[in-house]
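> So you can see what is in the structure, the chains are spelled out below.
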Amino acid sequence: MKITRKDFLRLSGLGLLALAGKKAVRAFAEAAAPSASPQTIKRWGMVIDLQKCRQKDGCTDCVKACNLAHNIPQIPDRAHEVKWIWNQSFESVFPQVQTDYTQQAYAGHPIPLLCNHCANPPCVRVCPTQATFKRENDGIVMMDFHRCIGCRYCMAACPYGSRSFNWQDPRPAIPSINSDFPTRTKGVVEKCNFCEERLARGLRPACVEACPEKAMVFGDLSNPETEPRKLLRARFALQREPELGTSPSVYYLI
Amino acid sequence: MSDRPQIVAGLIVFVGLFTFPIWHARGGKPSPNAPDIKLPAQEKQCVAPVEYMRESHMDLLDSWREDVVRDNQRQFTAFNGKVYDKSLTRTCLTQCHTDKAEFCDRCHTYAGVSGPYCWDCHVQPRLTARRTP
Chain A
10 MKITRKDFLR LSGLGLLALA GKKAVRAFAE AAAPSASPQT IKRWGMVIDL
60 QKCRQKDGCT DCVKACNLAH NIPQIPDRAH EVKWIWNQSF ESVFPQVQTD
110 YTQQAYAGHP IPLLCNHCAN PPCVRVCPTQ ATFKRENDGI VMMDFHRCIG
160 CRYCMAACPY GSRSFNWQDP RPAIPSINSD FPTRTKGVVE KCNFCEERLA
210 RGLRPACVEA CPEKAMVFGD LSNPETEPRK LLRARFALQR EPELGTSPSV
260 YYLI
Chain B
3 MSDRPQIVAG LIVFVGLFTF PIWHARGGKP SPNAPDIKLP AQEKQCVAPV
53 EYMRESHMDL LDSWREDVVR DNQRQFTAFN GKVYDKSLTR TCLTQCHTDK
103 AEFCDRCHTY AGVSGPYCWD CHVQPRLTAR RTP
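If you read the protein sequences in the order shown, they are chains A and B.
The opening residue of the first sequence carries number 10 in the numbering used here; numbering runs sequentially from there.
The opening residue of the second sequence carries number 3 in the numbering used here; numbering runs sequentially from there.
These aren't lab readings, by the way, just hints derived from the structure by calculation.
Model, not experiment: these values are computed from the prediction.
Every residue, glycine too, gets a C-beta built ideally from N, C-alpha and C.
Where hints are given, some of them may not hold.
[Stated by the list, open to error] Straight-line C-alpha distance at most 30 Å; calculated DSS-like pairs for lysine-lysine:
{"id": "1", "chain 1": "A", "residue 1": "K239", "chain 2": "A", "residue 2": "K61"}
{"id": "2", "chain 1": "A", "residue 1": "K143", "chain 2": "A", "residue 2": "K51"}
{"id": "3", "chain 1": "B", "residue 1": "K88", "chain 2": "A", "residue 2": "K73"}
{"id": "4", "chain 1": "A", "residue 1": "K143", "chain 2": "A", "residue 2": "K15"}
{"id": "5", "chain 1": "A", "residue 1": "K195", "chain 2": "B", "residue 2": "K88"}
{"id": "6", "chain 1": "A", "residue 1": "K195", "chain 2": "B", "residue 2": "K84"}
{"id": "7", "chain 1": "B", "residue 1": "K88", "chain 2": "B", "residue 2": "K46"}
{"id": "8", "chain 1": "B", "residue 1": "K40", "chain 2": "B", "residue 2": "K102"}
{"id": "9", "chain 1": "B", "residue 1": "K88", "chain 2": "A", "residue 2": "K51"}
{"id": "10", "chain 1": "A", "residue 1": "K143", "chain 2": "A", "residue 2": "K239"}
{"id": "11", "chain 1": "B", "residue 1": "K84", "chain 2": "B", "residue 2": "K40"}
{"id": "12", "chain 1": "A", "residue 1": "K61", "chain 2": "A", "residue 2": "K223"}
{"id": "13", "chain 1": "A", "residue 1": "K143", "chain 2": "B", "residue 2": "K88"}
{"id": "14", "chain 1": "A", "residue 1": "K31", "chain 2": "A", "residue 2": "K51"}
{"id": "15", "chain 1": "A", "residue 1": "K51", "chain 2": "A", "residue 2": "K239"}
[Unchecked claim] Here are some, though not all, of the chain B residues that point toward chain A, as calculated from beta-carbon distances under 7 Å:
{"id": "16", "residue": "V15"}
{"id": "17", "residue": "S58"}
{"id": "18", "residue": "L62"}
{"id": "19", "residue": "D122"}
Take these sequences, add in the hints, and give me the full structure.
Below is the structure:
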């Protein structure tokens with residue numbers, strides 16, 4: 010049997026069409042697949058009620074609980090200090106929302122600060138070893154201390170100053186070592202991990218549990234029925250520097 | 003030709019020195035016995051067969067580390083079906099090998115293992131072992 014040029018072109022055209030069709034079907038199937046399990050994908054977040062927070066009266070229970078849980082060294086030298094949760098004055102945290110009246114209401118009010126666990130974290134984008142990475146199923150921005158090479162790109166990238174570098178061996182500066190959590194070594198960057206080791210055991214973060222006023226509310230931001238989402242529906246909340254597009258998971262109720 | 007005795011003597015000394023490690027190991031004191039490690043009193047079975055743990059515990063710990071830190075997978079089902087927490091301090095060192103110095107360190111010293119640097123960060127639980135419920 011002899012095949013004419015016209016038949017050959019027709020057949021090859023049909024073949025190509027079939028191939029394209031198969032690829033298109035596969036692409037559609039892949040796009041549809043992830044929507045099958047939205048319940049398992051969380052986004053942990055925190056809402057901090059500044060009206061309840063008593064840091065102004067000298068309460069630092071959240072900071073103390075975190076320091077104890079995570080073996081945070083207490084280094085007085087500010088150039089070398091390590092902090093996961095700390096406080097700063099309202100004016101320095103939210104300079105853009107100040108009016109004469111907020112200044113009166115919140116002047117000097119200490120604001121608890123911690124890693125924002127951004128939905129779009131700049132630290133993760135710059136890390137050359139993927140030592141810091143975003144967990145896809147719950148949105149926590151994790152640190153893998155084993156992989157950190159201490160280049161501090163992440164510290165330059167983080168707009169919130171949430172990361173600290175160990176300029177010295179932290180162990181001598183830890184008041185009491187908790188053997189449930191590793192210390193770090195010199196040359197490693199660290200930051201708040203939203204107590205992922207406690208979440209894995211079904212507990213809430215240490216700071217949330219320690220707060221005597223229940224000013225910190227922790228939960229899944231992707232589920233509209235959780236406590237933080239209810240608070241965010243009911244009251245006005247601020248994020249730190251939302252204009253940067255990092256989409257922080259920590260909200261402050263004014 | 004009068005140098006022959008000196009050359010032969012020199013050669014003998016050279017060969018003797020060159021092979022020193024071999025005959026020293028043979029004729030010297032016998033190699034020390036296996037390290038005197040202290041096995042856990044209450045547990046008879048590790049998370050994996052002894053032969054595997056002896057050769058590859060570091061690989062197991064390495065994979066646990068990857069699973070916990072990067073994949074948030076914290077449960078380890080052992081070969082006998084028992085489920086353990088993937089944790090060096092909370093499982094290995096709390097439930098069985100409560101004395102690191104008498105178990106890990108003795109064997110590492112014997113085998114000439116320099117390191118491992120686990121302990122630069124991970125903390126040995128207190129010797130009064132807390133049994134996790």
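> The structure should be examined with respect to each hint, and the outcome stated for every one.
Each hint, compared with the structure:
1. K239(A) - K61(A): Holds, at about 17 Å.
2. K143(A) - K51(A): holds (12 Å)
3. K88(B) - K73(A): Holds: K88(B) and K73(A) sit about 28 Å apart, inside 30 Å.
4. K143(A) - K15(A): violated (56 Å)
5. K195(A) - K88(B): It holds: about 26 Å lies between the C-alpha atoms, which stays within 30 Å.
6. K195(A) - K84(B): violated (38 Å)
7. K88(B) - K46(B): holds (19 Å)
8. K40(B) - K102(B): Judged against 30 Å, a Cα distance of about 10 Å means the pair holds.
9. K88(B) - K51(A): holds (23 Å)
10. K143(A) - K239(A): Between K143(A) and K239(A) the Cα gap is close to 25 Å, so the pair holds against 30 Å.
11. K84(B) - K40(B): holds (23 Å)
12. K61(A) - K223(A): Holds: K61(A) and K223(A) sit about 8 Å apart, inside 30 Å.
13. K143(A) - K88(B): This hinted pair holds, its Cα atoms lying about 21 Å apart.
14. K31(A) - K51(A): Distance of about 33 Å is beyond 30 Å: violated.
15. K51(A) - K239(A): holds (16 Å)
16. V15: violated (50 Å)
17. S58: Because about 19 Å separates S58(B) from the closest Cβ in chain A, which is outside the 7 Å limit, the hint is violated.
18. L62: Hint on L62(B): violated, closest Cβ of chain A at ~15 Å, above 7 Å.
19. D122: holds (5 Å)
This entry does not satisfy hints 4, 6, 14, 16, 17 and 18, going by the numbered hints stated previously.
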